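**Student:** Turn these sequences into a full structure, and let the hints guide you.
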Amino acid sequence: MKDGDVSLILKRVTSVDDGTYKCRVFMEETDSWKLISIISLSVVDPPDQKNITAESGQDVTLTCRAPNNIRVARWSRADLEYKNVLLYGDNQFFPANQHPSFKNRVDLQERQKKDGDVSLILKDVTMNDAGTYECRVYMEQILSWKIISIIHLSVVDPRDQEMITAESGQDVTLTCRAPNKKIIVLRWSRADLEPKYVLSYWNGHFDPDHQHPSFKNRVDLQDRQMKDGDVSLILKDVTINDAGTFGCRVFIAETDSWQLISIISLSVVPPPVQKTITAVPGQNVVLPCRAPNNNIIVVQWSRADLGDEYVLLYRDEWFDLDDQHPSFRYRVDLQDRQMKDGDVSLILKNVMINDAGTYECRVYMAETRLLKPISIITLKVLPPEQKTITAEPGEDVILPCRALNKIIALRWSRADLGDEYVLLFKDGRFEPEGQHPSFKNRVDLQDRQMKDGDVSLILKDVTTNDAGTYECVVIPSGGGSSKPISIVTLSVVPPEQKTITAESGQNVTLTCRVPQGKPIRAVKWSRADLGDNDVLFYRDEQLDPDHQHPSFRYRVDLQDRQMKDGDVSLILKDVKINDAGIYKCRVFMAETHSWKYINSTYLHVDPPGQTGGLRVDGSVGLLIGLNVFAVFLVAVVIVFVIYRKYERENGDLNSY
Numbered sequence: 001m002k003d004g005d006v007s008l009i010l011k012r013v014t015s016v017d018d019g020t021y022k023c024r025v026f027m028e029e030t031d032s033w034k035l036i037s038i039i040s041l042s043v044v045d046p047p048d049q050k051n052i053t054a055e056s057g058q059d060v061t062l063t064c065r066a067p068n069n070i071r072v073a074r075w076s077r078a079d080l081e082y083k084n085v086l087l088y089g090d091n092q093f094f095p096a097n098q099h100p101s102f103k104n105r106v107d108l109q110e111r112q113k114k115d116g117d118v119s120l121i122l123k124d125v126t127m128n129d130a131g132t133y134e135c136r137v138y139m140e141q142i143l144s145w146k147i148i149s150i151i152h153l154s155v156v157d158p159r160d161q162e163m164i165t166a167e168s169g170q171d172v173t174l175t176c177r178a179p180n181k182k183i184i185v186l187r188w189s190r191a192d193l194e195p196k197y198v199l200s201y202w203n204g205h206f207d208p209d210h211q212h213p214s215f216k217n218r219v220d221l222q223d224r225q226m227k228d229g230d231v232s233l234i235l236k237d238v239t240i241n242d243a244g245t246f247g248c249r250v251f252i253a254e255t256d257s258w259q260l261i262s263i264i265s266l267s268v269v270p271p272p273v274q275k276t277i278t279a280v281p282g283q284n285v286v287l288p289c290r291a292p293n294n295n296i297i298v299v300q301w302s303r304a305d306l307g308d309e310y311v312l313l314y315r316d317e318w319f320d321l322d323d324q325h326p327s328f329r330y331r332v333d334l335q336d337r338q339m340k341d342g343d344v345s346l347i348l349k350n351v352m353i354n355d356a357g358t359y360e361c362r363v364y365m366a367e368t369r370l371l372k373p374i375s376i377i378t379l380k381v382l383p384p385e386q387k388t389i390t391a392e393p394g395e396d397v398i399l400p401c402r403a404l405n406k407i408i409a410l411r412w413s414r415a416d417l418g419d420e421y422v423l424l425f426k427d428g429r430f431e432p433e434g435q436h437p438s439f440k441n442r443v444d445l446q447d448r449q450m451k452d453g454d455v456s457l458i459l460k461d462v463t464t465n466d467a468g469t470y471e472c473v474v475i476p477s478g479g480g481s482s483k484p485i486s487i488v489t490l491s492v493v494p495p496e497q498k499t500i501t502a503e504s505g506q507n508v509t510l511t512c513r514v515p516q517g518k519p520i521r522a523v524k525w526s527r528a529d530l531g532d533n534d535v536l537f538y539r540d541e542q543l544d545p546d547h548q549h550p551s552f553r554y555r556v557d558l559q560d561r562q563m564k565d566g567d568v569s570l571i572l573k574d575v576k577i578n579d580a581g582i583y584k585c586r587v588f589m590a591e592t593h594s595w596k597y598i599n600s601t602y603l604h605v606d607p608p609g610q611t612g613g614l615r616v617d618g619s620v621g622l623l624i625g626l627n628v629f630a631v632f633l634v635a636v637v638i639v640f641v642i643y644r645k646y647e648r649e650n651g652d653l654n655s656y
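Numbering follows the UniProt record's numbering, with no gaps: position 539 of the sequence shown is 539.
Calculated from the structure, these hints are not laboratory results.
These numbers were taken from a predicted model, which means no experiment stands behind them.
Each hint can be trusted.
Listed next, the in silico SDA-like pairs over lysine to any residue satisfying Cα-Cα at most 20 Å (straight line):
1) Lys83 / Phe102
2) Lys103 / Ala130
3) Lys275 / Arg290
4) Lys114 / Ala66
5) Lys576 / Thr511
6) Lys50 / Asp207
7) Lys2 / Ile36
8) Lys440 / Ala415
9) Lys146 / Leu41
**Tutor:** Below you can see the structure in the form of structure tokens.
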């Protein structure tokens, strides 16, 4: 109480401290209390304080809301001395004392000051506009100026901002390193959250009272000791709502002031859409990708294994071919070059096996100035369909093939045929030139209209020479190189062939039986050396003589015209030497609407009197031969017995 100083310090004043304070001292000389001072303390709300960060060139609003019935509003900045930023009263501006740097650049948000709104609009912000702005209004009730709002404006060059892009759900670190000086208070803020903070840290503790609720339990310092000035912020489980411009400020004890250290623009994007698409060679596929908006400057499709070369690069409404991988030249396009609704999907034409891989779609957007991934597509390309079909000689077979796209040409080929093909079909007709002669008049399409993409091949009257690997190749209407879409291995297995030997003049039966229960519409017996003529053709319950070889007229018939139990055996009457050969039995099946080869029989004809009878597979002849031998053996035995008897009788006569 030096020099009688008994002044009271009242810390952290609040509105409840409002009132009249009396100072009394007890005087020894009078032995009584003495009233020294009476002080009336009026506690008013502190001015609203905010931190706002803007980029050079932006327009910014410094908010201020006063009580109603305001006559005069004044905006000032301490470093401008006596010059005003703006002075407004009686519904007009007073430019006389305005700082020249603000001429024609400031205005009130509401000149009528409706609801006490005297917010300042500052246009085309520059670096020199940074500072602390005070909003004052003249209060008629107290006949004095009152500070309503204090705004700390930070202006940054956009080029100095750190841009960070994160995906939803990630943890991200916003870096900030302060001068290695004693830091009393640290604040991370985002302008749109004022007056709440992202994080406030002072005296070694977090201040949760002023923290925005969306960041509770989601933020921390990378180093709470702030070693080497590290005051970086860890933001956990990022969401779309976290996007914005974050400011890092520290209060330096040495200068007793706030210092803006770092500004970070955080862009949060959804994680890339991941899909798997399966295609077959020759198909056209769309790899989907949709960006958040239409403000797209560059589209880039890439595949990691291609190195620095792209699948597609599109910018300034042009394709950039300089760094495109050659395998994609003229095979890729955007589904919509206008990129309507952010559609930057890729069309990949005439897919090949080598196109398999993981494709990434990135877009460069004006607002983020970052190339960010939107979509990741794994493309699987299946090898051509491979099948093995087994047939017997004489059968008709179908080699299956189905195309997915509209086609303009079709080719069936077999590698061992060289440049000659099995079948070529284009422009709605067959091309016989270049066809291997062995297939002439033996091949056709199952459906010449190629309905539903059916380009299956019908191969008639198969022979063992037809065995091999067949490729079905289509040329899609969109153009591009042709690739096999179906590979069929045809195995031709000769059936067990019966052999029948007959003597001229005999009747012989060539057996043939179809599996029971299979309805038969026609029966054909043929012999290869007869050309287009048949041995027998039976349909509609009658013999058809039109294509019958004349040598068989009135000499052949079915063993059972009712074809009971599938019996379609052939009776050949009055066999002749010229009838020798291989006979094939085929039936037309109602179920498959096609011819089916059943079996073949080799007929051997001997001249009359040579064989002593009919031999089927040699068994009949063998039996006859054995019988002759047995008769001969019996005759020898009889002769031997007679001879022995004769000797005994002669011996008896001589003995007399």
